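Residue numbers (the working numbering), protein chains in the order written: chain A, 1 to 319; chain B, 320 to 762; chain C, 763 to 1051.
Source of the hints: derived by calculation from the structure; they are not laboratory data. Quantities reported herein were computed from a predicted structural model and do not represent experimental measurements. For every residue, glycine included, the Cβ atom is placed at its ideal position computed from N, Cα and C. Incorrect hints may have been included.
[What the hints assert, rightly or not] Computed spacing ranges between beta-carbons, pair by pair:
| no. | chain 1 | residue 1 | chain 2 | residue 2 | range |
| --- | --- | --- | --- | --- | --- |
| 1 | C | Asn948 | B | Glu612 | 51 to 61 Å |
| 2 | B | Lys761 | A | Arg205 | 35 to 45 Å |
| 3 | C | Gln888 | B | Leu744 | 50 to 60 Å |
| 4 | A | Leu281 | C | Phe897 | 43 to 53 Å |
| 5 | A | Phe304 | B | Asn473 | 41 to 51 Å |
| 6 | B | Glu683 | A | Val88 | 43 to 53 Å |
| 7 | B | Lys474 | A | Tyr270 | 44 to 54 Å |
| 8 | A | Val88 | B | Asn473 | 26 to 36 Å |
| 9 | C | Leu1039 | B | Glu612 | 28 to 38 Å |
| 10 | B | Thr693 | C | Phe897 | 19 to 29 Å |
| 11 | A | Pro80 | B | Ala587 | 55 to 65 Å |
| 12 | A | Thr241 | C | Ile875 | 46 to 56 Å |
| 13 | C | Val910 | B | Pro528 | 44 to 54 Å |
[To be verified] Think about it this way: if two alpha-carbon atoms lie no more than 20 Å apart in a straight line, the pair counts; the simulated SDA-like pairs of lysine to any residue are:
| no. | chain 1 | residue 1 | chain 2 | residue 2 |
| --- | --- | --- | --- | --- |
| 14 | A | Lys256 | C | Leu853 |
| 15 | B | Lys578 | B | Asp545 |
| 16 | B | Lys578 | C | Val899 |
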Amino acid sequence: MRYKYLWLIALIILLILAPLFLSKFLMVFLTEMLIMILFAISFNLLFGYTGLLSFGHAAFFSIGSYVTGLVLLYIYPSIPLAFAIGVVAATIAAWIIGYFCVRLDEIYFAMLTLAFGMMVHTIVWKWDRLTGGADGLVNIPRPNLNFLLFQVDLSSIASYYYFTFVLVAIALYVLWIIVNSNFGLALRAVRENSERLQFVGINVRRYRLISFVISGFFCGLAGALFGPFLKSITPSTAFWTKSAEPVFMSLLGGTKIFLAPAVGSVIFMYLKEIISGYTELWMLFLGAILIGFVLFLPGGIVGFLYEKLRGRKLGRVGE
Amino acid sequence: MSKKVSRRKFLKDAGLFGAGMIGVPLLKGVSRGPSNAWAAAKPIKFGGIYSLSGVVAAWGKAGQQGAMMAAMEINQAGGILKRPVECRFEDDACNPEFGVRKIRRLVLDWGADFLHGFNHSGVALSAVPILPELKRMLLITCASSPAITTEAFNKYVFRPRANVYQSGAAAGVIAAKMPYKKWTVIGPDYSFGWDAWGGFIYHLLKRKPDVEVMSTQAWPKFGAGDFTSYILKVMEAKPDAVYTPLWGGDFVTFLKQAKRYGFFEKVAVVITEGGLAVDGFYALSTKGGTESEVPEGIWGAAHGYWFDHPKTEKNKKWVEKFMSMYGEYPHNVAHDAYGAMYLYKKAIEKAKTIETDAVIEAMETMEFDTPGYTRKMRKEDHSAFAEVPYGKTAKAPEKTGIAMNLVDIVDAPGKDIIEPIEDVLERRAKKTPAPWMKYVIKG
Amino acid sequence: MTFSTFFAFFLNGLTSAMTFFIIASGLTLIYGVLRILNLAHGSLFMLGAFFTFQLTHWFGNFWYALIFAPFICAVAGVIMERIFIRPVYGLPIPFQLLLTFGLMLLITDIVRIFWGVAFRTATEPQVLSGTMNIFGVSYPRYNIFVIVVGILVCIFIWILLTKTRFGKMIRASSSDREVANGLGINVPLLYTIVFGIGAWLAGLSGVLAAPLRSIMLEMDVHTIIEAFAIVVIGGLGSIPGALLGSLLLGQLNSFGTLYIPRFEMAFMYVLMAIILLIRPKGLLGEEVS
Chain A
1 MRYKYLWLIA
11 LIILLILAPL
21 FLSKFLMVFL
31 TEMLIMILFA
41 ISFNLLFGYT
51 GLLSFGHAAF
61 FSIGSYVTGL
71 VLLYIYPSIP
81 LAFAIGVVAA
91 TIAAWIIGYF
101 CVRLDEIYFA
111 MLTLAFGMMV
121 HTIVWKWDRL
131 TGGADGLVNI
141 PRPNLNFLLF
151 QVDLSSIASY
161 YYFTFVLVAI
171 ALYVLWIIVN
181 SNFGLALRAV
191 RENSERLQFV
201 GINVRRYRLI
211 SFVISGFFCG
221 LAGALFGPFL
231 KSITPSTAFW
241 TKSAEPVFMS
251 LLGGTKIFLA
261 PAVGSVIFMY
271 LKEIISGYTE
281 LWMLFLGAIL
291 IGFVLFLPGG
301 IVGFLYEKLR
311 GRKLGRVGE
Chain B
320 MSKKVSRRKF
330 LKDAGLFGAG
340 MIGVPLLKGV
350 SRGPSNAWAA
360 AKPIKFGGIY
370 SLSGVVAAWG
380 KAGQQGAMMA
390 AMEINQAGGI
400 LKRPVECRFE
410 DDACNPEFGV
420 RKIRRLVLDW
430 GADFLHGFNH
440 SGVALSAVPI
450 LPELKRMLLI
460 TCASSPAITT
470 EAFNKYVFRP
480 RANVYQSGAA
490 AGVIAAKMPY
500 KKWTVIGPDY
510 SFGWDAWGGF
520 IYHLLKRKPD
530 VEVMSTQAWP
540 KFGAGDFTSY
550 ILKVMEAKPD
560 AVYTPLWGGD
570 FVTFLKQAKR
580 YGFFEKVAVV
590 ITEGGLAVDG
600 FYALSTKGGT
610 ESEVPEGIWG
620 AAHGYWFDHP
630 KTEKNKKWVE
640 KFMSMYGEYP
650 HNVAHDAYGA
660 MYLYKKAIEK
670 AKTIETDAVI
680 EAMETMEFDT
690 PGYTRKMRKE
700 DHSAFAEVPY
710 GKTAKAPEKT
720 GIAMNLVDIV
730 DAPGKDIIEP
740 IEDVLERRAK
750 KTPAPWMKYV
760 IKG
Chain C
763 MTFSTFFAFF
773 LNGLTSAMTF
783 FIIASGLTLI
793 YGVLRILNLA
803 HGSLFMLGAF
813 FTFQLTHWFG
823 NFWYALIFAP
833 FICAVAGVIM
843 ERIFIRPVYG
853 LPIPFQLLLT
863 FGLMLLITDI
873 VRIFWGVAFR
883 TATEPQVLSG
893 TMNIFGVSYP
903 RYNIFVIVVG
913 ILVCIFIWIL
923 LTKTRFGKMI
933 RASSSDREVA
943 NGLGINVPLL
953 YTIVFGIGAW
963 LAGLSGVLAA
973 PLRSIMLEMD
983 VHTIIEAFAI
993 VVIGGLGSIP
1003 GALLGSLLLG
1013 QLNSFGTLYI
1023 PRFEMAFMYV
1033 LMAIILLIRP
1043 KGLLGEEVS
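With the rest of the complex left out, here is chain A:
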């Protein structure tokens, strides 16, 4: 009975056909949205599935962006090489930062990730000989992709959209497998009752760290995609408000269902890009929506719908 995946297949087909009927503006919008969806869902691996709230995840996103950009600008203009190095850099950073952070719980974990995130922000901002300082990296090239035997021209809006779509789809699929594996089950157990697990002899810290690192890996990938998309990177990608974005995208959409943060991303991006075309006051709407969700729909949109349709309670994060 695979009918529940029908909507997913329809969505994928729509996304593949998008350049045929969407304006260039909407394609650019969609590209960025896909990047943010990857960011949010990778973040949610740590948040919804492992139960750890990180307020510094922009660190891995920005490291992925900056390193990818630096490789493209100064080492060698090759997308696969730059992306690989960028993602590896983000993963190593996640390993180091995660090593320290998973020792702590709850609010202390959040504060420590915040501290590390702002440390990264200060470094990318102040190390201006390397990173360009406040202006950041500019003129990031988007060279043709030499993949196997193909040469793909990434310079157009449509082609970069497809490139992003393919990478994000693959990444999400891999995450999906991880989440549904035994490892994923263990993570959920860690989230629910870490004390009990420790008594049973399971190294809770190790599971948390692995989850942290995987999350960092995919956030780094999202960051890598972001650089050539904008053709520039600035320190604002590492500021704490950027770290807050996947937090509320996950909470808005729902943290207990794999694709739910994507819904939160759509809402957020819609407000930021589309609403801000009509009024400069998009933050008012976003703020009101966030408040409304916390007060009335704490399970997120998808969580709310899920409970309504299935009559089953999902429970809220942190419970």
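Given the structure of chain A, go ahead and fit chains B and C onto it with the hints provided.
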């Protein structure tokens, strides 16, 4: 008071509040009533991106004012190629990410045919690489880091005004005549700040090799808000003279705070590239505009244009018209945005089409007029032979609202101060850092 | 370095330490009693600064701002607490953060509606302008005023918490809400009042800071992160900790410009991380249950 009311009403009628849709300017004021052809003609869309919010909001507003004034005049005179001009403005909030988004929005969503703008060099540098994908021209009306036409250059970007290499050369001429040896800087910590200081010292050292570039320098972040520690640091180093690329609200805040510590008594001379533009004077005027907090004797270029100079009929008339429209003296960005619109008009009419490549070709070698000056584009890097004025502050109660004026203004000639094209091309090809960066010392 | 320069830097550090302390004490007080991490605290600070601009603009009198603006912020805080924050007591941290983040966005755009997007300045009152002579150093009078007010606020909080019955109620409720309830303390009302006090402090800090810097829309996101760092370093819920943290950060900002201009801010986050790893309750904090 009444002047302010009528100005507000005028601006409101023109839809000039904040960013957003401006529409076809002043169609209802047109004396020759719209003919059918005019009403049916598809407008040419000009998108402007300026910093309309934040520390330098006044500079963004000036861009709007200048461009709108030009657009209205152009429409009154029959438009360009018999098509009306339509304007829309977006706010980049001094944020490079926003700059990229808004430029894409203006072209892909609104359908801009031509672009102008950018106050902040960092934002401009992020936006310029996007132009080839959009295939649209951008006229830079304010941002003055040389990198925009060197390292980041592509054929779509034009800068019909001076950059800080040029204004640095002009300042170097002035400073070389002074007896001061020990120079330092307090400037915003980004490309414009570094390039402005570096460009100035580079030229000063060429003329006066015994100048000492102090290693104690102050680089607060752009929009810092609190400069007191930096002011103390500079004063502690006891320089003879200070150069400051601080601009907009940063300069205003700096000046107020520096005065508290007696900065201008302890330091002999201060040169500021853009700090004393007309918005700074308005912000620092006191007692209803009859007095000013600005000390006398500070040298400034007002970022390339001061309304009271040159004292030509054309300039005077333009300033009067601007004053009657907006109730204030024109800012340099207003002057350059106004000039940019007319440059577009001239190039489009020469090319007889709005096709980007044709207009580029027409504009590349064009000589053009602004209310104050005559300038000429240079083909290889789309920068301009432009004069840069430098004068010093003096009390002037007759200047309503600001009570000060820049006097003894000397224009440095355009061809003397522009960077040699061989240097530009070499730097572009080899991707070497600019030779003046070594004077930026962060400690 | 001469003594006078050193002293000027020290006083600079003390001045910013005092503005930090006033806002951080409010934040830590709110956390200590209500267990709420208020991301909108920086927004209340920003409101205080904007109200200062407005009141000095209308009346030409800074003292009106000093007296009224913090109270307006306190009222705003009370409204915030009763309508928005009350429902989230007991909810996990992510929801608190999300809610207060939403409030922060809301307040930012409300400020944008009323005051537009340009930056503002406020001038100190005439009687406090100019410099005065302190130990042979010529230093701005207004900064000394800020330092004095900071010390007064310190004393005021100390008296409030230790010498008054109200203070005893606060301390009882922060250590054990149920016991406090059992003792007949009207906990919800107490929470509202404490939040109001915290908001008042944030507003006061904004008023004092207004003449020292430019007043702009991004003030909230930068201030809140500094306040958080201070509160974590000093100890969540500890007022003496907030004072210590503020003094540290104030001097770091001041002398850091001179000696380590590149990475001065990173120092604070490194310190924050070290404290969290080695002594999570903070330098002067008590055990947080």
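Which earlier hints turn out false for this structure, listed by number in ascending order? 7, 9, 10 and 12
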